[in-house]
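Asker: The primary structure of each chain is shown beneath.
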Amino acid sequence: MFSLSAALYLSAIIFCIGIYGVLARRNILVVLMSLELMLNAVNLALVSFGRVYAQAGQPGEHAGQIFALMVLAVAAAEAAIGLSLLLVIWRKWRTIDVRDLCRMNG
Amino acid sequence: MENSNLIWIPLLPFLGFLLNGLLGKRLGPKFVAFVAAAAPIGAFLVAVGVWNTIRAHAGDHSEHFAGLTQHVFDWIHLTKTGAGGATETVFSAPFALLADGLSSVMCLVITGIGSLIHLYSITYMKGDRSFHRFFAYLNLFTAFMLILVLADNLLLLFVGWEGVGLCSYLLIGFWFEDAGNAKAGQKAFVVNRIGDFGVLLAMFLCHQYLGTIDTREVLAAISNAEVTTRMQGFGTDGLFWGLNCIDWIALLLFLGATGKSAQIPLYVWLPDAMAGPTPVSALIHAATMVTSGIYLCCRLMPLFQESHTTMAIIAGVGACTALVAALIAMSQNDIKKVLAYSTVSQLGYMFFAIGMGFFAAAFFHVVTHAFFKALLFLGSGSVIHAMHHEQDMRRMGGLRKQLPWTYRTYLIGTLAIAGVPPLAGFFSKDEILFGGYLQTFGSPELLEAYHVHHVPAAGLFWGMTVLTAGLTAFYMFRSVAMTFWGESRVEEKLRGHVHEPWGWITPVLLALTVGAALAGFLNVPHFLGGHSVLGHFTGLHHAPEVGDMKGTLKSMEWTSLVLSVLVGLLGIGSAIFLYGKGRPVLASLVEKSPVGRRLQSASSNLFWVDDFYLLLVGVLNGIAAGCQMLIEVIIQTLVDGTAYLTRGTGNWARRIQTGFIPSYLLTFGLGVLVLVFFLLFLVKDAGS
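Residue numbers (this note's numbering), protein chains in the order written: chain A, 1 to 106; chain B, 107 to 794.
In short, the hints are calculated from the structure, not lab data.
Hints may be right or wrong, so weigh each one.
Residues from chain B that face chain A, not an exhaustive set, calculated with beta carbons under 7 Å [what the hints assert, rightly or not]:
1) Ala418
2) Thr764
3) Ile767
4) Pro768
5) Leu772
6) Phe774
7) Val778
Note that this is a predicted model, so its numbers are computed, not measured.
Backbone N, C-alpha and C fix where the C-beta goes; we use that ideal spot for every residue, glycine too.
Work out the full structure, taking the sequences as your base and the hints as a guide.
Answerer: Below you can see the structure in the form of structure tokens.
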């Protein structure tokens, strides 16, 4: 039996784990992974809503799934850019610790 | 009458300035010397031609001759278009030159004596590092002086007036490596500025009330009854101490003259100007520039004659300056300082003559003074040159044998300034003293015949100038005695090396001696068998119509003459008695009496005038410092306060920018939360 609320709770938990990872971890690689977690939490919420509220034959029948695919594509692009930045940062400063990357300090 | 040669008189020295100033360093001292001397000599030749033309026309009485003019170019010309499209000139100051009797004689003096001094400088300045710079300045000075003299409007005259002031500043501070020389130059410039301000104001008044600044038109406007009536109303509101506009123009012009011609209260710069090279002192601070104040008065003679108040002030200032400067000169030990105060004193004489109404006598004294004072300065320069720049007369003495020609020429110059007949100074000084005598003892009818107005307190002023005549003879012979007579007080190591300089120096001295001896014959008065040639030629003198008062006049003339010669001889005699043969009589006399000591200290301290001026300047400086402090307080509270506030805010706010990425993300996240909260709970109708 599919429970929307359970799916949403799961989604929220994963999202919070992602937030925690983004805010608290020092390794940029882990931060990027946590970002993926947040995106996938949102994907889960989207497909869950899609399953419950979509009506056959109506416009937007597959909107939830399509949105999730869209987010996956964006996430892939984001990961590619993020990882290449990471590579450049490593080459330039030999560190991927966010605490060391504070050149914008005013 | 148009004459296209006039422009060459100032242009030749100006071209010399350009050539020497721009290329002098590369062309070498020989070429610089040639150009520098050729320029004023060329100008002199042109001036002789101009003078000759004027002389020919002035002798021919059939036509009215107003001098030669040349309109070089329109300098400032403002017009406005009135109703009906007619253009009307609002203000016009062309670059136009005017040569009449007065200015042509002045040009001859400037270029003639100027040429001699240029030649003298070639030897005097030999080997100086800035040889070309010196001659460039000297040529520029000559050019500006000639513009001043030849200008036919007041604005162009003012260009020359400022230009000679500039050159004077540059040449006083010529050896500017010594801070004292540079300071002396600044003092001269600043003091002169006070006077220049008067000339500017006078020019404004001329334009405002007479509608013109052309010298001849100004003089024509004064005799215009309608203009005169209009101007009399100028002072009726009591704002201007009851003086009318003409009084003010004359008074302000005289203020300018006191600056340039070193009169009380602005004479203090001239003695300091002796910091410049000696030829400069001879040319600028004795023969030419300092006489431009007298020239200005002579050029605008009718204007000054119109203002009785100003004339009385001029007479008083002149007489006081003559006496005070002579008193100071008596105790000076620097040979050039004696001559500087002597110059101030002689200029005072000239202004006294102007104040008394005897413009021709004043201008005559300008001419003779140019000769003998240039001679005296160049003679002192010869001594200084021979003594390796020693100027203190206490370390001279007995130079008669080593510098025989300098001694002879200097002695003749001294006799000339002392007024010994028949040398130049005798005639001109006698004429001035006679003017004072006539003002004091002459009947109103006689004054009327001479076209002069009675000056109040003339007797007092006359007495002062007679006393000055004696003092002049005294201090000049004192300087001769200290320099040339008696035992040698020259330092041992120098003593063997002192010798006559020759080169150009001694020949120039000889040439000027001839002038100093003979210049007096230019204007021999009628009662001595002459015809007052110079006075008539310059248009400053008109033969008095004495009628049956001839006898009285003649006896007065002779009394004045005998008196002035006697006073001069008395001065000479007492100087020889006190200083001759190495008898330090005066020194012991002064030492013994407390009054004498006090007088001596007053005189050698220049009557504390400079100290008084320093005090004034100190007060002004204090006020300025107070204002500065006030302004700084305001700036600190307002401007600096704003700056501190901005900087403080910035310093505090920049702590937000940690550069720590998670903190940005946290902020971002919190922002999103706030936004969501806002949308969900506060904007309730957002969905509908």
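Asker: Hint by hint, note whether the structure agrees.
Answerer: How the hints compare with the structure:
Checking B/Ala418 against chain A by beta carbon gives a least distance of about 78 Å; that is not within 7 Å, so the hint is violated. Annotation: B/Thr764 was flagged as interfacial toward chain A, and the flag holds, the nearest CB pair being 6 Å apart, inside 7 Å. Below 7 Å, beta-carbon pairs count as interface contacts, and B/Ile767 has one with chain A at about 5 Å; its hint therefore holds. The restraint placing B/Pro768 at the interface with chain A holds, with a minimum CB-CB distance near 5 Å, inside the 7 Å limit.
Interface hint at B/Leu772: satisfied, since its Cβ lies 6 Å from the closest Cβ of chain A, which is below the 7 Å cut-off. Of the supplied interface hints, the one on B/Phe774 is violated, with its beta-carbon coming no nearer than about 10 Å to a beta-carbon of chain A, more than 7 Å. Residue-level restraint check for B/Val778 is violated (minimum Cβ-Cβ distance to chain A is 11 Å; threshold 7 Å).
When the structure is compared with the earlier hints, violations turn up for hints 1, 6, 7 and for no others.
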